[in-house]
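Protein chains: 2
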Amino acid sequence: MVEQNNNKEVMYNEDDLRQLLIDENIDSFREIFLELHPYDQAQFYEKVGPDIRKTIYQFLSPQEMALIFEAIELEDEEYEKFLYEMDTAYGAEMLSYMYTDDVVDVLNELDEEHRESYLEMMDSETVEEINELLAYEEYTAGAIMTTEYVSILENSTVRSAMTVLRNEAPNAETIYYVFVVDDNHRLTGVISLRDLIVSDEDTLIHDIMNERVVSVKVTDDQEEVAQIMKDYNFLAIPVVGQNREMHGIITVDDIIDVIDEEASDDYSKLAGVSDIDDIDAGPFKAAKKRLPWLIMLLFLGMLTASLMAQFEATLDKVAMLALFIPLISGTSGNSGTQALAVAVRGIATGEIDEKSKAKMILREIMTGLITGIVCGIFVIGIIFFWKHTLIVGLLVGAAICCSILVATIAGSFIPLLIHKLGVDPAVASGPFITTLNDVTSILIYLGLATTFLGQLS
Amino acid sequence: MVEQNNNKEVMYNEDDLRQLLIDENIDSFREIFLELHPYDQAQFYEKVGPDIRKTIYQFLSPQEMALIFEAIELEDEEYEKFLYEMDTAYGAEMLSYMYTDDVVDVLNELDEEHRESYLEMMDSETVEEINELLAYEEYTAGAIMTTEYVSILENSTVRSAMTVLRNEAPNAETIYYVFVVDDNHRLTGVISLRDLIVSDEDTLIHDIMNERVVSVKVTDDQEEVAQIMKDYNFLAIPVVGQNREMHGIITVDDIIDVIDEEASDDYSKLAGVSDIDDIDAGPFKAAKKRLPWLIMLLFLGMLTASLMAQFEATLDKVAMLALFIPLISGTSGNSGTQALAVAVRGIATGEIDEKSKAKMILREIMTGLITGIVCGIFVIGIIFFWKHTLIVGLLVGAAICCSILVATIAGSFIPLLIHKLGVDPAVASGPFITTLNDVTSILIYLGLATTFLGQLS
Numbered sequence: 055m056v057e058q059n060n061n062k063e064v065m066y067n068e069d070d071l072r073q074l075l076i077d078e079n080i081d082s083f084r085e086i087f088l089e090l091h092p093y094d095q096a097q098f099y100e101k102v103g104p105d106i107r108k109t110i111y112q113f114l115s116p117q118e119m120a121l122i123f124e125a126i127e128l129e130d131e132e133y134e135k136f137l138y139e140m141d142t143a144y145g146a147e148m149l150s151y152m153y154t155d156d157v158v159d160v161l162n163e164l165d166e167e168h169r170e171s172y173l174e175m176m177d178s179e180t181v182e183e184i185n186e187l188l189a190y191e192e193y194t195a196g197a198i199m200t201t202e203y204v205s206i207l208e209n210s211t212v213r214s215a216m217t218v219l220r221n222e223a224p225n226a227e228t229i230y231y232v233f234v235v236d237d238n239h240r241l242t243g244v245i246s247l248r249d250l251i252v253s254d255e256d257t258l259i260h261d262i263m264n265e266r267v268v269s270v271k272v273t274d275d276q277e278e279v280a281q282i283m284k285d286y287n288f289l290a291i292p293v294v295g296q297n298r299e300m301h302g303i304i305t306v307d308d309i310i311d312v313i314d315e316e317a318s319d320d321y322s323k324l325a326g327v328s329d330i331d332d333i334d335a336g337p338f339k340a341a342k343k344r345l346p347w348l349i350m351l352l353f354l355g356m357l358t359a360s361l362m363a364q365f366e367a368t369l370d371k372v373a374m375l376a377l378f379i380p381l382i383s384g385t386s387g388n389s390g391t392q393a394l395a396v397a398v399r400g401i402a403t404g405e406i407d408e409k410s411k412a413k414m415i416l417r418e419i420m421t422g423l424i425t426g427i428v429c430g431i432f433v434i435g436i437i438f439f440w441k442h443t444l445i446v447g448l449l450v451g452a453a454i455c456c457s458i459l460v461a462t463i464a465g466s467f468i469p470l471l472i473h474k475l476g477v478d479p480a481v482a483s484g485p486f487i488t489t490l491n492d493v494t495s496i497l498i499y500l501g502l503a504t505t506f507l508g509q510l511s
Numbered sequence: 055m056v057e058q059n060n061n062k063e064v065m066y067n068e069d070d071l072r073q074l075l076i077d078e079n080i081d082s083f084r085e086i087f088l089e090l091h092p093y094d095q096a097q098f099y100e101k102v103g104p105d106i107r108k109t110i111y112q113f114l115s116p117q118e119m120a121l122i123f124e125a126i127e128l129e130d131e132e133y134e135k136f137l138y139e140m141d142t143a144y145g146a147e148m149l150s151y152m153y154t155d156d157v158v159d160v161l162n163e164l165d166e167e168h169r170e171s172y173l174e175m176m177d178s179e180t181v182e183e184i185n186e187l188l189a190y191e192e193y194t195a196g197a198i199m200t201t202e203y204v205s206i207l208e209n210s211t212v213r214s215a216m217t218v219l220r221n222e223a224p225n226a227e228t229i230y231y232v233f234v235v236d237d238n239h240r241l242t243g244v245i246s247l248r249d250l251i252v253s254d255e256d257t258l259i260h261d262i263m264n265e266r267v268v269s270v271k272v273t274d275d276q277e278e279v280a281q282i283m284k285d286y287n288f289l290a291i292p293v294v295g296q297n298r299e300m301h302g303i304i305t306v307d308d309i310i311d312v313i314d315e316e317a318s319d320d321y322s323k324l325a326g327v328s329d330i331d332d333i334d335a336g337p338f339k340a341a342k343k344r345l346p347w348l349i350m351l352l353f354l355g356m357l358t359a360s361l362m363a364q365f366e367a368t369l370d371k372v373a374m375l376a377l378f379i380p381l382i383s384g385t386s387g388n389s390g391t392q393a394l395a396v397a398v399r400g401i402a403t404g405e406i407d408e409k410s411k412a413k414m415i416l417r418e419i420m421t422g423l424i425t426g427i428v429c430g431i432f433v434i435g436i437i438f439f440w441k442h443t444l445i446v447g448l449l450v451g452a453a454i455c456c457s458i459l460v461a462t463i464a465g466s467f468i469p470l471l472i473h474k475l476g477v478d479p480a481v482a483s484g485p486f487i488t489t490l491n492d493v494t495s496i497l498i499y500l501g502l503a504t505t506f507l508g509q510l511s
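In the order they appear, the protein sequences are chains A and B.
Counting in my numbering, the first sequence runs from 55 upward without gaps.
Counting in my numbering, the second sequence runs from 55 upward without gaps.
Since the hints were derived computationally from the structure, they do not count as laboratory data.
Treat the hints with caution; some may be incorrect.
For identical chains, the list gives no copy identity; a pair is met inside one copy or between any two copies.
As the list claims (entries may be wrong) - Below, in silico cross-link-like pairs of lysine-lysine (DSS-like), each with a Cα-Cα straight-line distance of 27 Å or less:
1. Lys409 - Lys271
2. Lys411 - Lys339
3. Lys474 - Lys342
4. Lys371 - Lys342
5. Lys101 - Lys409
6. Lys441 - Lys371
7. Lys339 - Lys413
8. Lys343 - Lys409
9. Lys474 - Lys413
10. Lys371 - Lys339
These figures come from a predicted structure and were not determined experimentally.
Please work from the sequences and hints to get the whole structure.
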């Protein structure tokens with residue numbers, strides 16, 4: 055996509071850059087390469103082979119390399135591969151120049167032994183910060199925050215705040231917010247750079263800071279943090295501990311990744327793939343990701359078949375009944391997935407909470423009734439005009455109506471139940487609930503048919 | 055969720071605020087209310103009834119109200135409702151204080167006549183800007199950009215840039231980037247506030263600006279813009295015309311909305327709901343959104359039934375065959391949805407382009423073969439141990455293997471085809487492709503069964 059953008063034609067020529075590396079033309083390479091945005095640097099770095107990357111390590115300092123590693127977007131296991139290409143000392147130095155949240159992402163992918171060997175080579179203050187972050191549970195605010203932020207004391211002046219900012223600018227992840235703390239490093243306020251630059255230099259921070267600072271706890275779920283930042287349009291949010299002591303900040307770029315990740319996650323679970331596989335993955339890797347679902351569902355499908363076997367006698371007598379099995383199970387699956395999707399997204403975005411739960415279930419029961427009756431009537435009509443039989447039509451119509459009602463209630467109730475148990479409701483995903491609805495809808499259909507068998511023959 | 059956050063307990067008491075309005079205690083109300091973040095103000099504003107909102111309009115100036123209206127998150131049609139509660143002159147003045155991108159969002163929801171009446175009351179310069187934005191097609195960069203940004207000429211100094219920033223700070227949507235333009239207002243560079251505050255005041259902007267500025271065109275798709283901002287971690291991106299003349303900027307908060315919207319959109323299409331209905335919608339509204347899909351799929355299901363009718367004789371002879379119909383159509387539907395989800399997300403994120411298309415199809419064919427063979431073998435084994443028949447097992451296994459292969463190819467090929475035709479590939483959504491795969495898989499199954507019928511009885 056990037057290549058299609060005409061505004062970027064000035065950017066760089068990949069082949070030229072590669073040639074400069076092959077020719078070991080260090081000066082020209084650095085001149086062109088270091089002008090690039092870190093994202094473009096990372097794209098180039100990922101694309102060239104390991105031999106050429108070796109030359110890049112020679113030509114760039116660990117500090118310059120750190121910017122690339124922060125901008126890189128890799129499958130988790132690839133970080134390891136790239137890191138092990140480097141000399142360990144070089145790698146450790148590079149890591150020490152990265153923002154702590156990014157270092158933690160990388161170190162989380164390494165085995166214990168390698169992680170330790172890198173940490174041993176880094177200075178003790180950084181190691182302490184990193185170890186603190188490594189200790190937080192995955193998907194919490196603590197795990198995605200960074201410790202590089204700018205803080206000042208309440209009784210500073212705007213002038214001294216600006217001096218602090220100028221000094222911290224090269225290191226802090228954002229300098230657009232300055233966090234105000236007391237002597238115990240407890241968060242008491244926030245002030246934006248926007249406010250600072252329009253204020254008189256002698257003003258006390260205490261007089262212009264915003265005391266109603268919104269913060270999150272280190273243990274808060276990342277999805278909750280994302281929701282707050284989205285609602286308030288923040289560029290960064292402070293992360294505090296039990297006594298409001300500042301631990302770090304989370305910046306908007308990390309939140310975009312969270313939003314993207316969670317949405318993809320819900321989406322791929324609805325589709326029954328453990329995650330949306332990247333396009334470069336080979337067929338074996340793709341098959342490996344998809345097979346667990348397919349095989350699990352095969353077994354559930356066998357369950358459906360064995361339940362149907364109980365009605366084999368009925369099917370044997372009226373073969374026409376079999377014609378409508380896909381229709382009934384399909385319709386019930388579709389309405390269940392619709393209800394499920396609404397419930398899963400509602401829970402994920404926080405729109406459905408304790409209070410609105412009962413209301414939602416009630417709404418879904420009504421919706422299931424309405425859609426069930428409408429679809430049932432349609433089916434009776436169609437079958438009557440097609441097969442000229444009212445009794446089969448009534449049977450199929452009644453089965454469809456009941457199945458839609460049951461599927462709609464299940465689709466909204468099951469995610470709520472799973473959420474209550476503290477599990478991500480998206481695991482009650484599409485294929486799973488579809489198979490469940492298959493079973494119930496066929497039971498309803500063939501159960502009704504067996505009961506009224508006398509009328510059918 | 056917000057209520058659960060202990061850090062926010064200091065925020066405000068809704069009932070107290072409401073009481074202040076009922077008591078017409080303007081001073082206390084303003085003192086507390088104006089301290090709140092606009093998002094909290096908007097939440098309160100939305101919750102109270104129209105009578106109390108009338109008092110809010112009396113107590114707040116149009117400028118103060120503009121902040122609330124920008125922060126509000128409404129269903130499209132609700133903007134209209136709130137706006138019409140206000141006096142027209144008050145509403146028009148409020149609109150003129152809002153950022154142009156937000157005004158355009160509101161005006162887009164009004165009918166021609168009302169829109170004109172508001173525009174007539176606003177000053178001509180603002181109206182011109184708004185009309186320019188209203189003319190851009192929906193979902194393009196032009197339609198979501200704002201025209202409130204800070205720009206300076208190349209030959210300015212850092213000092214004069216800072217002066218411009220201080221003056222523009224109250225109006226510009228972001229002051230963290232300053233865009234550098236030439237005499238014809240063509241974009242030539244960008245400089246961040248971060249760079250400005252660490253530079254010497256007499257430095258020329260031209261010497262420190264970044265000339266490799268990444269920009270988008272007014273006609274670019276909003277999804278492309280989101281991808282670029284996400285990749286580069288920008289807080290804002292400039293939007294230019296044909297000759298690189300600056301038209302506006304898009305800020306990160308708007309991009310978060312785009313990412314959210316597009317992901318929800320793909321998700322709801324996979325689930326077969328036109329959009330994820332909001333929790334407050336009644337059952338009739340919800341049913342209305344879901345029924346079109348269900349009924350369309352009912353007709354397709356009838357098509358499946360009428361195709362199966364061709365094989366009624368076969369089903370009549372071997373009733374056992376009917377037992378495996380849900381299994382086969384379910385498995386084929388599942389594998390088709392998996393392939394579809396990967397393709398739709400790949401196209402949406404730009405990972406799949408012209409070059410990687412052929413590679414992806416090839417990968418999917420291989421993946422379909424592998425998953426098909428593995429599932430087929432499983433099924434043969436299960437049926438052999440359950441029913442002690444090899445021939446039915448072979449038949450069902452072969453049908454499953456073929457159906458998975460066909461479904462996987464269809465799941466990846468159809469979205470590519472639809473995308474090629476210039477339509478959003480997500481319309482080839484889950485239920486649709488599932489039904490298609492139902493038909494083909496049952497045809498394969500019953501076709502094979504009829505061919506080998508001699509062996510079956």
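Status of each hint after checking the structure:
no.	hint	in the structure
1	Lys409 - Lys271	within (23 Å within a copy, 45 Å between copies)
2	Lys411 - Lys339	between (40 Å within a copy, 18 Å between copies)
3	Lys474 - Lys342	neither (31 Å within a copy, 29 Å between copies)
4	Lys371 - Lys342	neither (42 Å within a copy, 39 Å between copies)
5	Lys101 - Lys409	between (51 Å within a copy, 15 Å between copies)
6	Lys441 - Lys371	both (17 Å within a copy, 20 Å between copies)
7	Lys339 - Lys413	between (43 Å within a copy, 15 Å between copies)
8	Lys343 - Lys409	between (38 Å within a copy, 24 Å between copies)
9	Lys474 - Lys413	within (16 Å within a copy, 43 Å between copies)
10	Lys371 - Lys339	neither (46 Å within a copy, 42 Å between copies)
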